[in-house]
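Peer 1: Listed below, chain by chain, are the residues.
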Amino acid sequence: MLEKALAGNRTYWTWIAFLLVVIGAGGVCWFWQITTGLTITGMSRDVVWGFYIAQFTFLVGVAASAVMVVLPYYLHNYKAFGKMTILGEFLAIAAVIMCMSFIFVDMGRPDRIMNVFLHPTLHSMMFWDTVALSGYLVLNILISRVSLSCERRGEAPPKWIKPIIILSIPWAVSIHTVTAFLYSGLAARPFWMTAILAPRFLASAFAAGPALLILLALIVRKLTNFDPGKEAIQKLAEIVTYAMLLNVFFVAMEVFTALYSDIPEHVHHFQFLYLGLEGNNTLAPWMWLSLVLAVVALVILVNPVTRRAETTLVVGCVAVFGSLWIDKGLGMVIAGFVPSPLGKVTQYVPTLPELTISAAIYAGGLLIVTALYKIALEVRGQMKTQ
Amino acid sequence: MDGNRRDFLKLAGLTAVGAAGVSSIKPTEAQASTDSHAETSAEGVRLAMVIDLRKFSKGDALIDRCVEACHREHNVPDFKDDPKNEVKWIWSDDFETAFHSQEFHFIREDLKGKPTLLLCNHCDNPPCTRVCPTQATWKRDEDGIVMMDWHRCIGCRYCIVACPYGSRSFNWKDPRPAIDNITAEYPTRMRGVVEKCTFCEERLARGLEPACVEVCDNDEIVFGDLNDPNSKVRQLLAERMAIRRKAGLGTQPEVYYIIDDPRTLQETAPAAVVEVTEGGDHA
Amino acid sequence: MYDAGKIIVGLVVFVILATSPLWLNALMGGSPEAPELQLPTNGSTECVESTEYMRAEHMDLLNQWRDDVVRKGTRDYVSTTSGKVYDMSLSKTCMDCHSNKAEFCDACHTYTAVSPYCWDCHVEPKGAN
Numbered sequence: 001m002l003e004k005a006l007a008g009n010r011t012y013w014t015w016i017a018f019l020l021v022v023i024g025a026g027g028v029c030w031f032w033q034i035t036t037g038l039t040i041t042g043m044s045r046d047v048v049w050g051f052y053i054a055q056f057t058f059l060v061g062v063a064a065s066a067v068m069v070v071l072p073y074y075l076h077n078y079k080a081f082g083k084m085t086i087l088g089e090f091l092a093i094a095a096v097i098m099c100m101s102f103i104f105v106d107m108g109r110p111d112r113i114m115n116v117f118l119h120p121t122l123h124s125m126m127f128w129d130t131v132a133l134s135g136y137l138v139l140n141i142l143i144s145r146v147s148l149s150c151e152r153r154g155e156a157p158p159k160w161i162k163p164i165i166i167l168s169i170p171w172a173v174s175i176h177t178v179t180a181f182l183y184s185g186l187a188a189r190p191f192w193m194t195a196i197l198a199p200r201f202l203a204s205a206f207a208a209g210p211a212l213l214i215l216l217a218l219i220v221r222k223l224t225n226f227d228p229g230k231e232a233i234q235k236l237a238e239i240v241t242y243a244m245l246l247n248v249f250f251v252a253m254e255v256f257t258a259l260y261s262d263i264p265e266h267v268h269h270f271q272f273l274y275l276g277l278e279g280n281n282t283l284a285p286w287m288w289l290s291l292v293l294a295v296v297a298l299v300i301l302v303n304p305v306t307r308r309a310e311t312t313l314v315v316g317c318v319a320v321f322g323s324l325w326i327d328k329g330l331g332m333v334i335a336g337f338v339p340s341p342l343g344k345v346t347q348y349v350p351t352l353p354e355l356t357i358s359a360a361i362y363a364g365g366l367l368i369v370t371a372l373y374k375i376a377l378e379v380r381g382q383m384k385t386q
Numbered sequence: 001m002d003g004n005r006r007d008f009l010k011l012a013g014l015t016a017v018g019a020a021g022v023s024s025i026k027p028t029e030a031q032a033s034t035d036s037h038a039e040t041s042a043e044g045v046r047l048a049m050v051i052d053l054r055k056f057s058k059g060d061a062l063i064d065r066c067v068e069a070c071h072r073e074h075n076v077p078d079f080k081d082d083p084k085n086e087v088k089w090i091w092s093d094d095f096e097t098a099f100h101s102q103e104f105h106f107i108r109e110d111l112k113g114k115p116t117l118l119l120c121n122h123c124d125n126p127p128c129t130r131v132c133p134t135q136a137t138w139k140r141d142e143d144g145i146v147m148m149d150w151h152r153c154i155g156c157r158y159c160i161v162a163c164p165y166g167s168r169s170f171n172w173k174d175p176r177p178a179i180d181n182i183t184a185e186y187p188t189r190m191r192g193v194v195e196k197c198t199f200c201e202e203r204l205a206r207g208l209e210p211a212c213v214e215v216c217d218n219d220e221i222v223f224g225d226l227n228d229p230n231s232k233v234r235q236l237l238a239e240r241m242a243i244r245r246k247a248g249l250g251t252q253p254e255v256y257y258i259i260d261d262p263r264t265l266q267e268t269a270p271a272a273v274v275e276v277t278e279g280g281d282h283a
Numbered sequence: 001m002y003d004a005g006k007i008i009v010g011l012v013v014f015v016i017l018a019t020s021p022l023w024l025n026a027l028m029g030g031s032p033e034a035p036e037l038q039l040p041t042n043g044s045t046e047c048v049e050s051t052e053y054m055r056a057e058h059m060d061l062l063n064q065w066r067d068d069v070v071r072k073g074t075r076d077y078v079s080t081t082s083g084k085v086y087d088m089s090l091s092k093t094c095m096d097c098h099s100n101k102a103e104f105c106d107a108c109h110t111y112t113a114v115s116p117y118c119w120d121c122h123v124e125p126k127g128a129n
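Chains as they are written, first to last, in this note's numbering: chain A, 1 to 386; chain B, 1 to 283; chain C, 1 to 129.
Since the hints were made in silico from the structure, they are not lab data. Please note that a few of the clues may not be correct.
[Stated by the list, open to error] Calculated cross-link-like contacts (lysine-lysine; reagent style PhoX-like; alpha-carbon spacing at most 25 Å):
(1) Lys344/A x Lys232/B
(2) Lys58/B x Lys80/B
(3) Lys344/A x Lys10/B
(4) Lys112/B x Lys162/A
(5) Lys246/B x Lys344/A
(6) Lys344/A x Lys84/B
(7) Lys4/A x Lys235/A
(8) Lys126/C x Lys173/B
(9) Lys374/A x Lys83/A
(10) Lys4/A x Lys6/C
(11) Lys173/B x Lys344/A
(12) Lys344/A x Lys162/A
(13) Lys374/A x Lys58/B
(14) Lys10/B x Lys4/A
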């Protein structure tokens, strides 16, 4: 089936070429990074995790969101999602591979990555995150492969795939929970040490992921004969709405606990994020933008009229994705390090090479999504004949 | 033919993966040495450091000598004007910063701005060893030192994230160019690994004191075994008021800071009394 | 066979490229000289273990030393040949005698295209011995 990704029209190949150029640029920067060191990024002694790990954290959520399509369809027989499940699973595959790539480029000694498997450490959440992500990748590859190849042959999928699909549901929840556990068990970082971190991660994942899925489905519908169906899109939009409401509620809970208790250790991180600390306010405009986008998103999505109209729905989904990307992909990780355990404020701005490498990984993810979606659509005979 | 070739390739792939998987299953190392929750045992040694702040004052050359002794002995790079890449095993900051969670507003005169040596606390319940995914850092059973294995470290920096004291540094680039005089008997590190104070375990193995302790001539830093009731560290802790950094987090740090009024030194070491000026300098 | 022309041509090209070290060497005539190791000039004639053992096992021995010193905290190595006790250290023991890295260590490593990363960290002594 993979050969189906190698046949395409002009638009297709132009898009692929563009992605390859971005990947190439990132590859050059990455080569510089592995020979010179992570000094080419904006990270420093106090801010040791930056853009790379923040992207990883955000994308784990996107990967987990496949469950929002799989669960209704397989557990509750919600037939409307029938055409969407493969898209969700393929998105999950691309997202997990992007996660692993972001971790790989963030490591000081990527040549020693096998040490994580050669010396398994059961008390380290990072070990379990590796296990969870690897397992989730295998699950999704297996499930999507079996489903699609059976669809191609016009057969029903084998019985043994059903329990594996069911397994992927709690597994999806677990990948984002264990990623939250990386942060929420650290006495050293009061900004992250909150029980609500894992629920908050999941809520934002189940808003951002399906929002992206809606956008992707609509793009695919525009370019091909594929139509997920109005009901599927609308149901996903409802899921995004509730998840976003929950996420905003959780954020409000965090803000209340920190600000009402007025404990400096907690207040300072929020102060840094939204107002700036000691003149360092790089993130403040972004955080307010995230807030504005969240409000815009909810205004559109809560109102059924604007949620049902596809033009406004698209705006809403973009607003959700943008708001949550800023929240997790920019704010959450950096703010854990400012101020430092000694109360110092350090500036962190990702450097151009750092951003280029990150863009290359995103391009790689888009490449995987493009290729896999192309295969799925070819199998279904839904590519436009142009 | 199509189906058979596919099945063959599937079988070959699975066999290769299986063979690789089986050969990589090794018995895990004895978990005893990586137990990050080991309590202070009555047997064995539990090393600790007591820093007598009464004997340090602003402008004191001893601080620099301690830092220099450590950094020279261990080939710690000096990124002089490059704070982004800074690597340090021991350094000093003022007292209010070292204990900033105390949120001092009013403080005894002599403590204002007092230079305070900061280093890895070699905690008894270290959060850094708990998070390391490869056991490249672990707590030694035999003496409580939180040790580093620079061959195994993958540079994920999770231990730095978990340390509440900012004790650890990462090699963002190759440290060698930034080392002025390399001490040949001790290795340097490579770019991409985390490093920190190791309580001079290589010196302890040769029966020597830690480098920073050695340059002290008046017990400004005292080092010893907490499990030995007759050790100097135990005596000091029994007689003087000592605090530890962020002790409330449960990390059980083993670097203690004596904060008694320097005038108590009159009783024990009159020659070493630090002058406390009445209504004197403000930080 | 489908595309037989392309496949066979491709296979031939691949076999030629993959075996190139062999026929290139045969063509250029003669085999390169074995590396000449400069032995210690500080008078020492006895290594930690025998020459044959060290030739075959020094990599594993050094890995063992690494784990013993760093992870177990033990530093004394008892030679199985002589029973003597040595300090397990590349820089201090091995390179005390084999102090000329270029003419001892590198001679074989370059010949066999091996680049061990020991000296990224461990300091080689200055000056030839």
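Peer 1: Against the earlier hints, flag every one the structure doesn't satisfy and list their numbers going up.
Peer 2: 1, 3, 4, 7, 12, 13
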